[in-house]
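J.: Make the complex out of the two chains shown on their own, each in a separate frame, by following the hints.
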Amino acid sequence: MRLSALHFRPYTFAFVALVCVLGTTSANVSAQQQPVQPASPLQTGPEKTPRPEAPVPTPSSGQPSSQSPALSSSYNPMIVLDPAHGGTDTGARGETGAIEKDLVLDYARMARAELQSEGFHVVMTRDDDSNPSYADRAAIANSYRNAIFISLHISTTGTFATVHTYYYQFGSAPVAPSDAANAKNTGPAEHSASLVPWEDAQFTQVGASERLAGALQAQFAQRFSGSSASPTPAAVRELRSVDAPAVAIEVASVSVKDPNSLAGLAGPIAVAIARGVQSFRTAAAAGAH
Amino acid sequence: MPNDWKIVLGILTVAVLIGLASLGRLHQRMKTLSENPHADEQARREVMAAPVATPTDVTVQAKMYWQSGQDQLAPVAIKLPLSADPVERSKQVLDGLITQPTPQQHTLPSDTTVLGFYVLPDGTAIADFSDALATETPSGIASEQTAVDSIVDTLKADVPSLQRLKILIHGQEVDTLAGHVDLTGFFDLNSAPAQPSIVPTQSGSISSTGSAAPVQKTVAPTALPHGS
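For the record, the sequence lines run as chains A and B.
For the first sequence, position 21 matches number 21 in this note's numbering, and the numbering has no gaps at all.
For the second sequence, position 40 matches number 40 in this note's numbering, and the numbering has no gaps at all.
Hints are supplied without guarantee of correctness; some may be wrong.
[What the hints assert, rightly or not] Some chain B residues close to chain A (C-beta under 10 Å, calculated; not the full set):
no.: 1; residue: G24
no.: 2; residue: H27
no.: 3; residue: T135
no.: 4; residue: P138
no.: 5; residue: G179
no.: 6; residue: G185
In short, the hints are calculated from the structure, not lab data.
Note that the structure is a prediction, hence the values are computed from the model and not measured.
Yeah, the Cβ is synthetic: ideal placement off N, Cα and C, and Gly gets one too.
Next up, chain B with everything else stripped away, as it sits in the complex (with noise of 0.2 Å):
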């Protein structure tokens, strides 16, 4: 056999060996993406939305109203470091919502992400989530307005300048979240703003969690004004 033609084997043999020796750690890798289904979506929010930092953030006790229950909502403190601006606290407040809660708590879709959130001057907060919140939100009267409601309920709790919330979805505006719970009006927030109500701590961790009854009131969306 030719000289070249060894070469080539050997150079060839050696490619094979480092490609089965690379498919274990392949193998391991597609099977720690299986068991940790959140991994994707974790990256891609790492991506989508980054955690949001001011120079005016103070670590509080935030309120997050997650399920409790079955299709209840009960309020559950926190510590998260919130913004004094309305704008990047309700983006701190909505991450949390969406990224703090165990599975058993979540009221929202954990791929969702708060694509923007506008503040007018009479106090009306524009929240943007991604398609996440409508497509992967369980179709049905009583999952959809759990989620609407902890939304309303963790804003109201924790950002007293806000008024009223419109809710887009990918910048739109649409008929229902997902085929059941009305989002074409406002929903109440504070309509005589409140003092927070909230304690600075020092720690920037997630606290033992305090847990009140479970809320079952329902938030309804006021009409728009009309010729908006």
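So that you can see chain A by itself, here it is in the shape it has in the complex (with noise of 0.2 Å):
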């Protein structure tokens, strides 16, 4: 089986998580120590920094971890910005013109280079015009051992310049793979109870998202009125494979009359999303201490 293939399989991730603790423990080396370069993502920033793939965290209670395993005391994550749609999928389009798919691309170089200028290493899941799938999106954020996804969007109804943040939010608990093979009665479990599924990567990491979108929706809420003071959960589906902290954000709305007012938006979405993660930032590395 090609490697490249195991990439898009359901728990190919949770198997790559294993065969690096594995090969750590093996060679007793620090997972510190092992560069790992990333699912092929557009980087820029001050210096190229390939990470260490994180170990998947476990589960343990069935309910979501209220901090995340990956923060530390020297807390610098790679922001990975995601642009929605592209290629064919346009997303929303208004009848005046705006597409979805070009405006938050130019919000996303927006932020990437307010975030640079801040320190922050960056790096997106599309630059041009592509269509990445939800997989590959989450996939590279998943190749940094630190990371922080946020996704952009534009919405079709709403206020315009109203701006909110959104985490993802599970029902309940999803089934472990072990307790899904013995359900099946398909003999002893073939998978270990630690691993999590590549489809509910973000699930010990909501905790995490919450707080990184109330970050950011406080800073919204401050430079576009009429935003809420809160995040808000809803089911997106590019969050759900991520195992970072992770949101998505929504400008309203294509419905505007004028299409350049939207474009106009670019500068205080970046600041305000440079602020956020800087917020979060500093509050993760004072919960670490």
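T.: In structure tokens:
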């Protein structure tokens, strides 16, 4: 089986993590010293900082953890900016010509510049008119030990220039692979209970994602009148497989009469994202202490 | 001029006059259709989704979660004849959710039809909607989540025996509703079955609506059982 094909299989992420753990144990080498190339992100920043792949944490209690296991006192996350849609998937389209996929790419580029000016390392899931799959987008974030995933969207409805931040919320604990195997009476479980399925990777990160969303939404509420003060849980597909703090930001809306007014929001949105991420990083580092 | 030609010309003249006379009615018909864009949808709905009626139907006050303000839901009580059978009852509830609201209350595209509804022995419900639900719901996180919430909250309120819900589009599992909200998992309905809180009434008409406070909570899908 080719390694590239493994990349898209449901349990590949858990498998790769298991291999990393076994390899690290046998070689007695710290994971911090093992550079891992990202899954082909479009990386830019003050310097290229390949990071070791993070071991997949275990939902031991069946509830999302309140503290990201990846946080440390030297918390310096890789910011993964995700302009939604792309290619033939235009996203929302306004009657006056506003197209979501193009506008969010502009927003992401502006946010990248702002974040880099603050010293963050940034990658983008796309920097052209391509349309990576949900798995590809998540894989970029999951290839870093410490990452923050921010997906950018524009809505069809809503009051112009209001911005809302969403984080993923699971209805209940995902079914563990071993439980599922036992439930089907297929003999001994083929997977360790410590492995997390790819499609449920966000489960252990919900607490951190909510805090990140809160930090960002506080910035948007200050800068964009009419935006709510707190973030909203929603089942945004792009966030589900991300094993890192992950949020989706949605700006209203493509239904605006003048499409240029939406483009004009790129600067303030970029500043709000940079301040929000900075605030989250500061709080996370303080929490680690 | 030969008599034959006179007869032909006479027939043609009568045909032209009849055509001219019908032009007025045709114009009137086109004008009516253009003023009422839902007439076509309604006609299609009548063919695709005939009203469900069962011998056990009892008119009750059903609770519909419709739009109340921008991307917010509020429960609205309406009188609906509902079956005792969970499958038929769910079809009736979803049909009411789609067809009964005012344009301001709509959460689902009015062209949407329920193609099928199934309930498994463990209480898992599978709702199969027509393509219109995916293609006509405005693309966006807030608008898609509102559509899903209205379906989930309404079924939760009116069909207490259902445990969880899977949404299909035209018989297929899809990643998202319209590009954003995750439909790959199940939505929790009533993990602990409750007794219906609806009260039988005598009338089959829609009551004056009794709105409650807008609902801001969000329903989220649970994971699919692995290996399924």
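J.: Each hint: holds or not?
T.: Hints versus structure:
Interface hint status for G24 (chain B): violated, as the beta-carbon distance to the closest one in chain A is roughly 34 Å, over 10 Å. Among the interface hints, the one on H27 (chain B) is violated; its C-beta lies about 28 Å from the nearest C-beta in chain A, farther than the 10 Å criterion. About 13 Å separates the beta-carbon of T135 (chain B) from the nearest beta-carbon of chain A, more than 10 Å, and the hint is not met. A hinted interface residue such as P138 (chain B) counts as satisfied when its beta carbon comes closer than 10 Å to some beta carbon of chain A; here the least separation is about 4 Å, so the hint holds.
Nearest Cβ of chain A to the Cβ of G179 (chain B): about 6 Å, under the 10 Å cut. The hint holds. Interface hint status for G185 (chain B): upheld, as the beta-carbon distance to the closest one in chain A is roughly 8 Å, under 10 Å.
Against the hints set out earlier in the document, violations occur for numbers 1, 2, 3.
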